[in-house]
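Enquirer: Sequence:
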Amino acid sequence: MKTVSLSGSPRANVGKTDAAALRAKGMVPCVVYGNGKQLHFYADERHFKDILYTPDTKLVHLNMGSDTYKTIVQESQFHRISDRLMHVDFLIVEDQKPVTLMLPVKTIGQSEGVKAGGKLNVKMRKLKVRGLISKMPDAIELNVETLQIGKSISAGDIKIDGLQILHPSNISVVSVQVTRAAAAEEAATTTAAAATAPAATQAAAPAKK
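Be aware that the sequence shown starts at 4, since it is given in our numbering, and climbs by one per residue.
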């Protein structure tokens, strides 16, 4: 799992007024909790670019003065109109304690079904998984090269050492579907074949005497 660093400063006061004042200065109110701790702090809004505005889930080394915490983003809140970052919750993680994360899904290769005219459909862009932080990959990589039209990869098909996929085993993650153009072409071919069949049969029949 990729790692980034973030520097934070403890908040002297906690409340809506103080939070609004911090945002006016380009800062983001945050909280980090875990291991019996809960610390309120703030960080520069610009430093969240590589943490939140990316499809990857990252391990965040949070630097608070002389203390450093190994964390992951637990929740982020954005303004419903301006979409500005409003607040971020961080969770302290331990090497020997399992955590639950949402990891992005990435497909590898071009499927045989796509080569045959199908369309690859990634139905789930992220998967919820549980395991030790040391076992967490950057993403769930799925090789789709052998996937045929009409076939899919379900959650139960995904096996990653040390990780538990927290979805029903029958839920479809990636599939190859028939495109509308291919379906229309197949329907037209079937119709044409059906129309010519009686004519061919009639032509082949012996003449009546």
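To be clear, the hints were calculated from the coordinates, so they are not data collected in a lab.
Mixed in with the good hints there might be a few duds.
Unchecked claim - Mimicking DSS-like on lysine-lysine, the simulated pairs with C-alpha atoms at most 25 Å apart in a straight line are:
#	residue 1	residue 2
1	LYS154	LYS122
2	LYS162	LYS109
3	LYS100	LYS126
Enquirer: Determine for every hint whether it applies to the structure shown.
Expert: The hints, checked one at a time:
no.: 1; hint: LYS154 / LYS122; verdict: holds, 11 Å
no.: 2; hint: LYS162 / LYS109; verdict: holds, 15 Å
no.: 3; hint: LYS100 / LYS126; verdict: violated, 30 Å
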